[in-house]
Structure formats: C-alpha cells, structure tokens
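So the sequences go chain by chain: B and V. Per the numbering used here, residue 1 is the first one in the first sequence, and the count goes up by one each step. Per the numbering used here, residue 262 is the first one in the second sequence, and the count goes up by one each step.
Everything labelled a hint here was simulated from the structure, so no lab data went into it. Note that the structure is a prediction, hence the values are computed from the model and not measured. Cβ atoms here follow ideal geometry from the backbone N, Cα and C, with glycine treated the same way. Treat the hints loosely; a few may be bogus.
If you want the footprint, here are the derived chain V segments under chain B, 3+ residues with CB under 8 Å [stated by the list, open to error]:
#	segment
1	631 to 637
2	652 to 665
Just a sample of chain B residues kept apart from chain V, beta carbon distances all over 10 Å, derived [claimed, not checked]:
#	residue
3	Arg38
4	Thr60
5	Arg74
6	Thr153
7	Ser164
8	Arg182
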Amino acid sequence: MKKRFLEFAHATFLLCLIAVPLRAQFPHSTVDPASAERGSKSYASSCARCHGDDARGTATAPDLLRSLAVLHDRRQMLYGKELGPLLTTGPNHNFKFDEKQLADLSQFLTASINGILRSGYNAQPTNLLSGDAKAGEAYFNGAGGCSKCHSTTGDFAGLAKRYSPSALQQKFLFPNYGLFIRRKVQVTVKLPSGKSYSGDLVRIDDFTVALNEKSGEYRSFNRTAGTIVTTVDPFAAHVALLDKYTDADIHNLTTYLVTLK
Amino acid sequence: MKLLIASLLALSFSSATARAQSKPETSKPDLAKLTDSWPTYNGDYSGRRYSPLAKINTTTVKQLSLAWTFRVETNTGGGKRISATPLEVNGILYFTVPSHMWAVDARSGRKMWQFDWPSKGGETIGNRGAAVLGDTAYFETEDCNLVAVDINTGREKWHASIGNPDQFYFGSVAPVIVKNHVMVGISGDDFDNPGYIEAHDPETGALQWRWYAHPNPGEPEAKTWPNDEAMLHGGGMTWVAGTYDPDLNLYYFGTGNAQPVINGAARPGANLYTSTICALNPDTGKLVWYFQPNPHDTHDWDAVQTPVLIDGVVAGQKRKLLAQASRNGWYFLVDRTNGKALLSTPFAKQNWTLGVDPKGSPIPNPEKMAQLNGALVAPNQAGAANWYPPSFSPLTGLFYVPAYDAYSVYYIYDNNKKPEGWAGNDRGGWSRASLRAFDYRTGKVRWNHEWPSAGGRSGILTTAGNLLFTGDTTSNLIAFNATTGNILWHAGLSSLVSNGPITYELDGLQYVVAAAGDTLYAFVLH
Chain B
1 MKKRFLEFAH
11 ATFLLCLIAV
21 PLRAQFPHST
31 VDPASAERGS
41 KSYASSCARC
51 HGDDARGTAT
61 APDLLRSLAV
71 LHDRRQMLYG
81 KELGPLLTTG
91 PNHNFKFDEK
101 QLADLSQFLT
111 ASINGILRSG
121 YNAQPTNLLS
131 GDAKAGEAYF
141 NGAGGCSKCH
151 STTGDFAGLA
161 KRYSPSALQQ
171 KFLFPNYGLF
181 IRRKVQVTVK
191 LPSGKSYSGD
201 LVRIDDFTVA
211 LNEKSGEYRS
221 FNRTAGTIVT
231 TVDPFAAHVA
241 LLDKYTDADI
251 HNLTTYLVTL
261 K
Chain V
262 MKLLIASLLA
272 LSFSSATARA
282 QSKPETSKPD
292 LAKLTDSWPT
302 YNGDYSGRRY
312 SPLAKINTTT
322 VKQLSLAWTF
332 RVETNTGGGK
342 RISATPLEVN
352 GILYFTVPSH
362 MWAVDARSGR
372 KMWQFDWPSK
382 GGETIGNRGA
392 AVLGDTAYFE
402 TEDCNLVAVD
412 INTGREKWHA
422 SIGNPDQFYF
432 GSVAPVIVKN
442 HVMVGISGDD
452 FDNPGYIEAH
462 DPETGALQWR
472 WYAHPNPGEP
482 EAKTWPNDEA
492 MLHGGGMTWV
502 AGTYDPDLNL
512 YYFGTGNAQP
522 VINGAARPGA
532 NLYTSTICAL
542 NPDTGKLVWY
552 FQPNPHDTHD
562 WDAVQTPVLI
572 DGVVAGQKRK
582 LLAQASRNGW
592 YFLVDRTNGK
602 ALLSTPFAKQ
612 NWTLGVDPKG
622 SPIPNPEKMA
632 QLNGALVAPN
642 QAGAANWYPP
652 SFSPLTGLFY
662 VPAYDAYSVY
672 YIYDNNKKPE
682 GWAGNDRGGW
692 SRASLRAFDY
702 RTGKVRWNHE
712 WPSAGGRSGI
722 LTTAGNLLFT
732 GDTTSNLIAF
742 NATTGNILWH
752 AGLSSLVSNG
762 PITYELDGLQ
772 YVVAAAGDTL
782 YAFVLH
C-alpha cells in the first residue's frame with residue numbers, strides 16, 4: 001500500500017510539473033504540443049509508410065491508435081519507455097530512437113488518441129454552407145416566418161459579421177440554449193388577492209416560482225391554490241419550427257444568413 | 262506490561278464482542294420477490310422497482326417526515342454524487358460513489374463503516390451501487406476492479422480485475438447476484454472496444470465466463486458488420502444492471518451504442534449485438550435470444566435501460582413479458598421466453614425512423630444519421646430515456662419513465678474513411694421534461710406530468726400504497742398518486758434527486774430513501 005501511495009504521489013508530482021497546454025483528456029493523459037509536433041515528424045518519416053498517415057493502420061501494418069502497447073504508454077504516461085524495445089526488436093522494426101525522440105513519438109500518438117475521444121473534437125462543424133442561399137431567403141420570407149420578427153436591414157444587418165456559420169445555425173435553431181441567453185422566459189404570477197407580479201423567470205417548479213421584476217426586485221411565491229402562473233417563452237416561435245424544419249430548410253437558411261454581411 | 266497487555270486484550274475482546282453484538286442477524290432475502298427490504302439494485306430481480314409496502318399510501322403520505330440524512334464527505338477525485346441505488350439488507354444500507362462504499366444504519370443514518378478503494382484512476386461519472394450476498398458486499402471501481410467487502414468489518418476480502426483501464430474501460434455498474442455468480446457489466450464508450458458481461462465466483466472472485474457483445478467471427482449475426490475488425494471494435498457497453506427470471510434461468514440486460522459512435526459509415530449493417538436486449542444463461546454465459554431496439558446506432562443511444570420483467574396479459578393470454586423504454590424514444594414489449602417483439606411504439610418525440618422491420622426493430626432513416634452539415638434529430642443524445650430507473654406497478658398496470666422530448670443537431674466531424682472513437686457529436690438542444698405513465702400493453706399514455714422547467718432526471722419507485730416517488734427537474738422529491746398523476750407530497754432537498762428512491766420497513770415503520778447529490782435523505786411514516 002505504501003509503495004502504491006509513493007508511486008501515486010510521485011506520478012502526481014510529475015503531473016504537476018508538466019505544463020498542460022491542451023485540455024486534459026480522460027484519463028488525464030496530457031500532451032505538450034511542441035513535443036507532439038516533433039513526434040509527428042518522426043512518425044511521418046519512420047512509421048507512416050506502413051501504419052498510415054493517421055496511425056490508423058493499413059493493409060500491411062496494424063492500427064496504432066488501437067494498439068494495447070500504445071494505449072498502455074498513453075494511460076501510464078510512460079513517454080515511450082516501453083515502446084522503445086518494441087520499436088527496436090519487433091518484427092520488421094529496427095529503430096533506435098533516443099529517449100527524447102521516444103517521448104515525442106509517444107506524445108504524438110497520445111495526442112492522436114485524445115483527438116478521437118468524445119471530448120477530443122473541436123466542436124465546430126465546418127461544412128455548413130452546402131445549402132441554397134436563394135431557397136434559404138425564400139424560407140426566411142415565407143414558410144419559416146422569420147421575417148415576421150426579423151429584418152435583414154434591421155436587427156439582422158451585418159449578422160454574418162457577428163457570428164460564425166455554426167453559431168448562427170445554433171442560434172436560430174436553439175436560441176434559448178446556452179449560457180448567454182439574452183431574453184428570459186417571462187412570467188406573471190397572479191395571486192388570489194388579484195395582485196399580479198411580472199418579470200424574468202428565475203426558477204419554477206410545481207411548488208414555488210421566483211422572478212426578477214423590471215426594477216430588479218426579486219420575488220418568490222408559493223404556488224398555492226388560486227395562484228395563477230403564466231409563462232411566455234420569447235422563443236416559442238423558434239421552438240414551434242423544430243417540428244416543421246426539414247434538414248434542407250436548415251442548410252438553406254444557414255447558407256442564406258451567412259450572406260448577411 | 263502485563264497489565265497493559267491484559268488491558269489491550271480486554272479492549273480487543275470487548276470491541277470484538279461489541280462487533281459481534283452489533284453484527285446484524287443475516288437472513289437470505291428472496292431476490293425474486295420484494296418484501297420489506299431492498300436487497301438488489303432494482304429491489305428484486307424483476308426490475309419493476311415496485312414495493313408491496315403500503316403503510317405509506319395516498320392517505321398517509323402527507324405525514325411523511327424526515328428521519329435522518331447522511332452526507333458523503335469523502336472525495337478522492339471520484340466525485341460525491343450518489344447515483345447508486347442503496348441496498349437495504351437486515352437493517353443496514355449499502356451504497357457507493359466511485360471508489361467508496363458505505364454501510365449505514367437504515368434506522369438512524371449512523372455510519373457503520375466506510376470502505377475506500379485506492380483507485381488508480383478512471384472515469385468517475387458515477388457508481389450505480391452494490392450487491393450483497395451473505396456477509397459480502399460487491400462493487401465495481403472506476404479502475405476496473407470488482408471488490409468484495411466483508412459487511413461485518415468493512416474490510417476487503419478480495420478484488421478481481423474486470424477490464425483493462427488502458428482501453429478506456431471503467432467500472433460503474435451495480436453487480437447482480439444470480440445463484441453462484443456475481444454478474445458484472447462494463448462501461449466506457451470513449452474508444453472502440455467491445456462491451457461484455459462477466460460472471461465471477463462470489464467466494465473467490467475468479468472469472469467464470471465473459472460474454473462479448475458481438476457475434477463470433479463466422480456466425481450469421483457477424484454479417485451485420487462489414488468485417489471482423491469493425492465488429493471486434495464495435496462497442497456495446499453494458500452500463501446498467503440486468504434483470505433475471507429464475508424460472509427461465511435467463512439474465513436480461515441491454516447493450517450500449519455501436520462504435521465509432523457518431524460516424525457509422527465504416528460499419529454498415531445492424532451491428533449486432535450493440536444497442537440490443539440480450540438474454541443469457543447465467544451458468545454458461547451463452548446467448549439464448551436477442552432483440553435489437555436500435556439497429557446501426559449513430560446517436561449514442563444505448564439500449565441499456567432496465568429491461569423490466571412483467572407477468573401480464575396481452576390479447577387475453579398470460580405472457581411472460583419484458584418491457585423497455587429505450588433511449589431512442591421507443592417502447593418495446595417482448596416475450597421474454599424467446600425475444601419476439603409484441604409491441605414497438607414511440608413513447609417520446611422521435612423523427613429518426615422509416616418504420617419498423619418484421620422483427621419489431623425500428624428502421625433508421627439514413628438522412629437522420631449525423632451529417633457533415635448537420636441533421637436535426639429527436640431525441641437528442643441524452644435520449645428520451647437514459648440510465649435512470651423506470652418503474653412498473655402491477656397495481657395500476659402502468660409503466661413509468663422520466664421522458665424527454667428533445668431535439669439536437671448531429672454532425673460528423675471526422676469523415677476519415679476509417680473513423681474512430683466519436684467522429685462527431687450533437688450540438689445544442691431543446692428539451693421538454695416529463696414524467697410519463699403509459700399502459701404496458703399498448704404504450705398509450707395514461708397520464709403525463711410535464712415539469713415546469715427542463716433539467717435533471719431521476720429514477721422512479723412505485724408502491725402498493727398506489728404511490729410513485731421520483732425527483733423533479735429542480736430539487737424536489739415528490740410523491741404522486743400512481744393512478745392519477747396527482748401530486749400528494751413533496752420535500753425540497755439540497756439538489757436534484759440523483760438516484761432511484763427505495764423503500765423498506767423496519768420495526769413496523771416504512772421508510773423512503775433518496776439521494777440528492779452528496780446526501781442520502783430518509784423519510785419515515787410514524
């Protein structure tokens with residue numbers, strides 16, 4: 001147990017010393033980008049011919065991202081110490097990398113594995129302009145009903161300068177999603193006495209409701225018998241569209257909105 | 262010195278005596294039929310989470326009051342959220358968070374012992390609980406061990422490996438005791454590995470068998486994959502504890518999504534046995550039948566939701582049934598003797614199918630698989646249902662599920678000819694959260710309680726008191742009239758109800774216990 005603790009403490013200490021320039025991936029195998037970049041060059045010159053440019057294997061050599069030896073090296077953060085002998089003596093292998101080269105190669109492979117994990121992708125889709133802008137314009141002014149509330153010369157003027165295509169698409173599909181929602185659900189609470197309070201909804205469940213009035217005053221109420229609570233979602237029209245959109249509508253509208261520069 | 266030794270001996274003897282005196286009388290609970298305790302993850306083997314206890318009922322529930330709380334204060338990087346369903350055996354509760362297990366007096370909330378596993382690290386999204394057999398409690402750890410703990414001392418008896426953490430496997434599933442087998446599931450869909458179920462010897466931990474969630478190369482079902490390489494890396498984790506029919510001697514469980522997760526272009530076909538309900542012989546680990554709720558998954562929709570065993574009547578015939586409200590928004594009713602589907606019908610908003618095939622499996626619409634430029638899909642990745650335990654009440658004939666109507670957009674991020682890992686994801690979302698009750702025979706909604714705001718989910722308990730206990734989307738534990746859906750009682754807790762509530766009776770008093778974040782709350786009817 002003591003040995004295990006010391007190993008853990010040692011590993012933790014080493015972990016703390018290492019800069020964490022990339023987001024740590026489960027199970028916390030961090031990557032130094034400069035080292036991984038050097039490793040990618042070693043890989044390209046020595047390994048890619050057989051194992052493929054992306055290390056996912058070819059007809060002649062196995063997938064290295066799925067290699068147990070590579071996965072072990074990654075999780076244990078061995079920096080190539082156990083890969084070295086395999087690269088020297090394995091079948092068709094006679095590479096004599098030094099310690100630093102092995103560490104770089106290990107970092108390249110670790111980064112390659114981290115990159116395919118759930119959290120490994122840059123969550124920004126990049127192929128969103130495949131639609132028909134004219135059809136998107138027609139949808140904006142017609143079936144979508146967008147022009148009833150929005151104007152390309154008013155609130156949407158220069159829209160594409162303010163948002164990336166992926167942000168634009170998300171905003172018209174799910175305007176009420178995310179941390180920086182500008183328009184809150186509006187709530188009115190009518191008490192049995194006839195008195196009524198309105199404002200931004202703060203919290204609601206089956207038993208209580210809380211709001212911020214325009215004045216900034218916070219009020220909360222028990223939802224007792226006779227208390228009437230009414231909420232209005234400012235984005236209700238967007239929600240209603242979710243049941244109606246075709247994917248082509250979405251692609252066309254995105255392509256059109258990106259023209260509003 | 263003699264005096265010191267004598268004193269130490271006396272102290273040692275007296276503490277041993279005290280331990281012996283405090284040692285609970287052990288009796289073997291009947292895991293096939295729930296009575297006044299809660300001895301397995303689902304209460305009994307059926308997965309119904311229905312208790313015959315009725316002292317707390319639609320009339321008395323208003324008198325339910327707080328008995329005690331127990332707060333988890335240990336955090337070794339494993340998180341403190343209690344998503345485990347506690348077991349209640351002989352007056353003691355056993356529950357877990359990643360790498361830790363507790364035994365707590367079920368009457369008072371007093372800690373009997375705490376077991377801390379020295380984890381080597383792993384995914385710690387949650388630990389769903391323990392299993393108890395005789396004087397041993399078992400649980401999985403995030404670094405892939407099955408650990409056996411002596412329930413009298415809280416000390417380890419043995420541990421056994423259940424997977425290789427290097428491959429992103431981790432333990433989170435509540436084990437299930439079936440005869441002389443500790444049934445173990447495995448978690449981890451970050452990487453392209455096959456899921457599996459294992460059985461271990463309860464005395465020694467020795468592996469009895471392992472069943473992989475894919476056919477063997479050359480078998481007819483292997484043709485649902487383009488090649489063996491894709492099949493052997495095709496996923497199908499076994500995230501949720503299974504159910505068991507002692508008469509048929511079949512263990513039922515669902516498997517997780519296929520891998521690579523979002524871009525399925527390189528694995529055309531149904532991809533058996535991923536997203537599949539399976540029936541295994543627990544003595545041999547041999548597959549007896551399967552039914553696939555979600556062929557060729559590309560949305561991270563596991564079919565691991567509890568397969569609930571119902572002895573019911575369909576079209577005038579007594580049937581041994583299995584019901585699942587699946588993550589993909591569909592409800593399935595299956596003959597559990599042979600896996601033949603009797604009903605396949607949506608229970609939540611869904612737009613991804615082209616119909617149902619002759620075997621009852623939904624047919625995925627290729628246009629609603631992830632696209633480079635996005636596809637709007639209902640439900641979203643979190644699913645219409647998820648791991649949160651549903652419930653079935655034989656009293657009402659209703660199946661209850663925390664149901665989400667939701668949309669998100671699925672994108673392919675990796676269009677490599679050999680995508681690996683996730684290769685895409687969904688983004689954004691809109692959701693509407695409800696507690697939904699439907700007829701188990703038809704899937705027709707009998708009542709639906711839409712929560713005033715979307716938010717978290719929790720598991721469900723029903724009782725012979727015609728009650729349903731669950732958490733809402735904020736932080737309330739609520740009791741409903743199970744027949745009508747009317748709210749009868751609630752208590753505001755410190756956070757979302759994070760597990761499936763349980764009930765048990767001790768000394769003539771009925772308790773209800775639920776977890777909210779790091780705290781167990783026990784309520785009692787005096």
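Against the structure, the hints come out as follows:
| no. | hint | in the structure |
| --- | --- | --- |
| 1 | 631 to 637 | holds (count 6) |
| 2 | 652 to 665 | violated (count 0) |
| 3 | Arg38 | holds (24 Å) |
| 4 | Thr60 | holds (14 Å) |
| 5 | Arg74 | violated (7 Å) |
| 6 | Thr153 | holds (27 Å) |
| 7 | Ser164 | holds (12 Å) |
| 8 | Arg182 | holds (16 Å) |
Hint violations for this structure: numbers 2, 5, all remaining hints satisfied.
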